[in-house]
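**Q** Listed here are the chains, written in short residue letters.
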Amino acid sequence: MTRLPTFHAAKWDEPLVMDMGRPGGRGQLFPAPEPEVAEAVGQNPVPAAMQRKDRPVLPEITEFEAQRHYLHLSQMTLGMMGVSLFGTCTMKYNSKTSEFATWRPQIAEVHPYQHPDTLQGVLEIMHDFDGILQSLSGMDQFVFQPGGGADAAYTMTAVARAYWADRGQLGQRTEMVTSIQAHPCNPATAAAAGFTVINLPLEENGYPSLEALKAALSERTALIMLNNPDDMGIYNPEIREWVQAAKDVGALCFYDHANFNGVMGKLSARELGFDACMFMLHKTFGAPKAGGGPAVGAFGCTAELAPYMPAPVVVKQGERYVLDEDRPKSCGKIREFWGNVPQVVKAYAWARAMGAEGIQLASDISVVANNYMDHRLSQLPGIARSNPDVTKRRMEMTRWSLAPLHEETGIGTVEIANRMADYGIDPWWMSHEPWIVPQPFTPEAGELWSKEDIDLWIDVLAQIMQEARENPELVRTAPHNQPIAQVKGDAFEDPSKWAMTWRAYLRKRDQAAAQGAA
Amino acid sequence: MTGPTRAHPWMANSAPGMLEAMLAEIGAANVAEVFEQIPPEHFRTAPLRLPPQLSSEMELKRDLLAKLRKNATCEENLSFLGAGVWQHHVPAIVDEIIGRTEFATNVWGSLQSDHGRNQAWFEFSSQLGALLNLDVVQLPVYSWGCAIGHAIRMAARKTGRTKVLLPRLSDPERLSVIRTYCQPQEMDSAIEIVLIEADAESGRLDLADLKAKLGADVAAVYFENPAYLGTIETEAAEIARMARAAGAETIVGVDPISLGVMTAPGDYGADIVTGPVQPLGVHMNCGGGVGGFIASRDEPDYVHQYNGFLVSIAETVQPGQLGFGLACPHQNSYGQREHGNDWTGNSTYLWAIAGAVYMSLLGPEGFRELGHLIISRARYAAKLLAEVPGVRIQWPDSTFKEFVVNFDDTGLSVAEINDRLRARGIFGGKDLSGEGLGLGQSALWCVTEVHSAADLRHAATTLSEVLK
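Those sequence lines, one after another, are chains C and L.
Under our numbering, the residues of the first sequence are numbered 1 to 518, in order.
Under our numbering, the residues of the second sequence are numbered 1 to 468, in order.
Some hints here could point you the wrong way.
[Said to hold, decoys possible] Think about it this way: if two alpha-carbon atoms lie no more than 20 Å apart in a straight line, the pair counts; the simulated EDC-like pairs of lysine to aspartate or glutamate are: (1) K96/C <-> E59/L; (2) K383/L <-> E39/C; (3) K247/C <-> E271/C; (4) K211/L <-> E235/L; (5) K266/C <-> E241/C; (6) K383/L <-> D298/L; (7) K96/C <-> E96/L; (8) K70/L <-> D248/C; (9) K67/L <-> E211/C; (10) K158/L <-> E493/C; (11) K61/L <-> E238/C; (12) K392/C <-> E238/C; (13) K508/C <-> E493/C; (14) K497/C <-> D301/L; (15) K451/C <-> E25/L; (16) K11/C <-> E465/L; (17) K247/C <-> E211/C; (18) K329/C <-> E435/L; (19) K488/C <-> E14/C; (20) K468/L <-> E435/L; (21) K266/C <-> D301/L; (22) K53/C <-> E41/L; (23) K67/L <-> D117/C; (24) K383/L <-> E96/L.
The set of hints was computed from the structure by calculation and includes no laboratory data.
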């Protein structure tokens with residue numbers, strides 16, 4: 001067994017920034033308007049009716065205090081600085097080379113409404129990256145406007161609306177069919193777009209049956225939204241038949257390529273028959289996740305669907321790159337401007353640094369590494385692989401269950417996740433709702449993490465499972481080496497206690513104190 | 001020269017022998033065996049045609065910089081572009097903090113292992129709440145337009161009504177996003193959008209038209225303060241009163257950078273408030289700096305309609321210690337799939353941290369000084385431009401940092417004028433002539449704290465020269 005780390009997170013006991021500082025303290029000064037400005041416009045140009053009378057209750061601290069405070073907070077964030085095998089999110093190295101490139105004024109201080117002549121560099125990168133994604137997917141055109149994977153799914157529903165409206169069938173094509181195992185964003189965005197969602201249940205082989213799909217499909221089906229492989233690591237081998245069945249009723253087929261890492265360079269969405277797909281650039285393409293964005297869900301589709309995409313689209317005319325806004329059939333905008341441009345640049349940089357051979361190798365490594373992890377995990381008593389009937393080797397991740405250990409010790413996936421952080425290991429991903437697999441956890445090694453990292457991760461898990469048997473209280477009360485202890489959950493559903501701002505907290509605290517005194 | 005056996009710096013298991021070692025442990029003869037689930041006929045046949053690999057950092061950097069050098073920036077040029085993304089000063093500390101790898105690369109851990117980030121998030125909401133004078137602030141969504149879209153859908157769910165009133169003088173970029181969120185009218189759950197006329201004298205909302213269109217079927221009235229064309233809405237409290245009388249929600253969009261000098265929306269009756277987060281310490285990033293906040297009063301009827309992450313402070317099991325978690329997590333799409341409120345996912349949460357740092361640096365006096373500086377210089381700029389022959393300022397005395405400059409009397413189009421200015425290192429304001437607003441050859445100019453009085457005089461002088 002690897003020697004387990006003795007770890008303790010930074011614990012600064014850091015106050016809230018609203019509770020820091022002193023009256024009159026300053027962290028940032030602005031010049032007064034120049035005398036000629038003041039003379040021209042007067043002392044207070046704000047209309048009297050809208051002049052602010054109160055002083056916003058903000059901290060009054062020095063520049064250094066702000067720096068130190070937020071550095072402390074960064075240090076109290078584990079943030080992948082240990083080992084993070086966070087399944088479904090494909091934790092990758094985020095290149096500082098590309099990060100620093102996007103901090104340059106040529107990206108940071110550029111406005112999207114500048115004349116295209118002044119934007120040729122960034123447009124070239126977006127155009128070239130579009131070409132890279134076209135080759136990886138077989139699609140004909142990509143846009144980067146969606147601000148994440150879910151927003152790309154939403155884009156698909158908006159494109160489907162425009163497509164069916166153009167054919168006069170939007171009133172008839174009202175249904176979206178997906179699997180109960182699909183990421184929640186697929187049914188949720190379809191519902192928000194106005195479609196009725198049909199969720200197909202799973203069979204023992206881990207995916208819905210082709211018969212169930214055919215029964216759900218009809219002339220009412222606007223589109224189907226699928227991911228493959230799923231988060232169990234199971235690949236639906238009938239996917240071509242699924243797409244064909246949907247096409248037989250005229251429906252559009254969307255490939256949620258969230259789980260692209262194990263199949264990149266190996267599958268082509270277009271060759272499998274799909275009309276559209278999406279890639280998460282902050283996941284598969286090496287752009288940082290930033291704790292939840294800014295992200296990009298790159299949306300690509302066939303030439304047939306391209307007229308319905310959100311505008312603008314980057315196109316090359318001769319040797320010049322332009323933004324094509326004149327797209328009369330477009331579904332309209334999903335979000336302002338052309339997307340999280342710095343993330344697109346980072347994804348382009350990732351694809352260039354990897355190259356075709358690196359991308360192929362990365363998918364090889366990610367699937368081999370997961371199978372190595374599966375092999376070692378299967379030797380730990382107390383955990384069980386999801387879908388035991390599926391005996392073939394899983395793809396780039398596998399969903400596991402702690403149900404046996406939970407039954408034996410009362411310790412479940414939440415407690416173990418909390419305890420892992422005590423060893424400097426990022427808590428694992430469990431599962432999206434609904435939890436079809438009891439006490440789930442979903443590790444994914446990807447191509448970043450070394451065999452030694454994987455071994456350490458498994459050794460820590462084995463150690464905690466042993467603790468669960470020998471000293472369950474130690475695990476139940478974990479973490480012990482983190483900045484704070486377990487958070488009490490009673491406030492989160494209680495209007496008298498929840499507080500989304502400091503001012504709300506102070507008000508409720510004072511109210512509670514007054515009631516206690518009364 | 002990249003040899004086939006060189007390990008890739010981003011892949012530990014690309015070192016020689018690592019794959020083979022793992023294959024040996026799992027009893028697989030080759031890599032193909034681990035892909036046994038995929039039917040052979042599913043593998044792609046088209047060759048992967050990608051540009052050549054740039055495996056060294058040096059080559060990669062050279063490629064990126066060679067391309068990026070073709071951009072011209074608002075740092076080297078004098079830019080007056082705004083309209084949804086604005087050039088503001090970004091304190092260096094903000095960039096240092098959001099560049100921290102713990103914040104930049106992380107995803108999601110436990111409430112303990114994410115404690116520092118969660119505190120930064122809570123401090124974003126708390127400080128923004130102090131500027132807005134509102135108790136609930138959600139973590140930002142993708143953009144201001146998206147925030148407005150969600151806010152309208154919140155109001156529609158809360159009231160059970162399906163019509164929303166928006167200003168006719170709306171930003172077409174945001175309006176297009178809002179139309180997407182409200183759905184085409186063919187959909188059963190569509191929200192109808194009705195536009196309220198503007199008062200021609202001031203650019204403000206026409207209250208008579210608002211009164212005529214308000215009714216028992218209206219879920220919400222939306223207006224901005226300052227509005228798309230820069231105008232300050234002085235009748236905000238009256239609009240909110242009229243909406244409430246009709247049983248409709250008042251949704252306001254505000255520029256948070258104005259709130260050191262302008263009345264907080266929580267103080268004039270706004271029910272739901274939205275706005276952009278980019279002004280709060282985020283670079284323009286070619287439009288990739290945008291995000292949008294949603295805020296409201298702290299009432300369950302509102303709280304239960306939010307679509308995303310509400311970070312709440314909470315006690316820990318250790319007496320006296322405070323931590324953070326998510327309030328009402330089961331009402332979003334992670335908890336309830338298609339039955340959740342709209343949807344959520346990755347968003348723009350790094351900008352919440354930028355905003356937290358930014359607001360803590362400015363404090364109450366910084367926001368007051370900044371707001372005063374911006375409106376003063378913007379008004380000064382408008383006065384200077386108005387002196388240029390053929391140039392007229394629409395609504396010169398009612399704007400904050402943006403204002404409409406009309407060129408009809410120059411005989412030139414905005415496009416021609418901006419071409420001439422660009423040749424002299426000035427990016428003129430956004431061309432409004434194609435937006436159907438009835439403003440002729442007009443442009444929306446934006447002036448902020450980054451523009452000195454000398455810059456503004458230079459711009460006015462240059463404009464008069466190019467118009468000759």
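**Q** The structure should be examined with respect to each hint, and the outcome stated for every one.
**A** Hint by hint, here is what the structure shows:
1. K96/C <-> E59/L: Status holds; Cα separation ~14 Å.
2. K383/L <-> E39/C: Measuring from Cα to Cα gives roughly 12 Å; hence the hint holds.
3. K247/C <-> E271/C: Holds: K247/C and E271/C sit about 14 Å apart, inside 20 Å.
4. K211/L <-> E235/L: At roughly 13 Å apart (the allowed maximum being 20 Å), E235/L and K211/L satisfy the hint.
5. K266/C <-> E241/C: holds (19 Å)
6. K383/L <-> D298/L: violated (43 Å)
7. K96/C <-> E96/L: This hinted pair holds, its Cα atoms lying about 13 Å apart.
8. K70/L <-> D248/C: Violated - the C-alpha atoms of D248/C and K70/L are around 48 Å apart, more than 20 Å.
9. K67/L <-> E211/C: violated (51 Å)
10. K158/L <-> E493/C: holds (19 Å)
11. K61/L <-> E238/C: The hint is violated at about 43 Å.
12. K392/C <-> E238/C: Distance of about 15 Å is within 20 Å: holds.
13. K508/C <-> E493/C: The given pair, whose Cα atoms are some 14 Å apart, holds under the 20 Å limit.
14. K497/C <-> D301/L: Distance of about 15 Å is within 20 Å: holds.
15. K451/C <-> E25/L: Roughly 12 Å between the alpha carbons, so the hint for K451/C and E25/L holds.
16. K11/C <-> E465/L: violated (61 Å)
17. K247/C <-> E211/C: holds (15 Å)
18. K329/C <-> E435/L: holds (18 Å)
19. K488/C <-> E14/C: Satisfied, since the Cα-Cα distance of roughly 19 Å is no more than 20 Å.
20. K468/L <-> E435/L: violated (27 Å)
21. K266/C <-> D301/L: Not satisfied, since the Cα-Cα distance of roughly 49 Å exceeds 20 Å.
22. K53/C <-> E41/L: violated (71 Å)
23. K67/L <-> D117/C: Holds - the C-alpha atoms of D117/C and K67/L are around 13 Å apart, at most 20 Å.
24. K383/L <-> E96/L: Violated, because 38 Å separates the two Cα atoms, which is more than 20 Å.
In the structure shown, a violation is registered for the earlier hints numbered 6, 8, 9, 11, 16, 20, 21, 22, 24, in ascending order.
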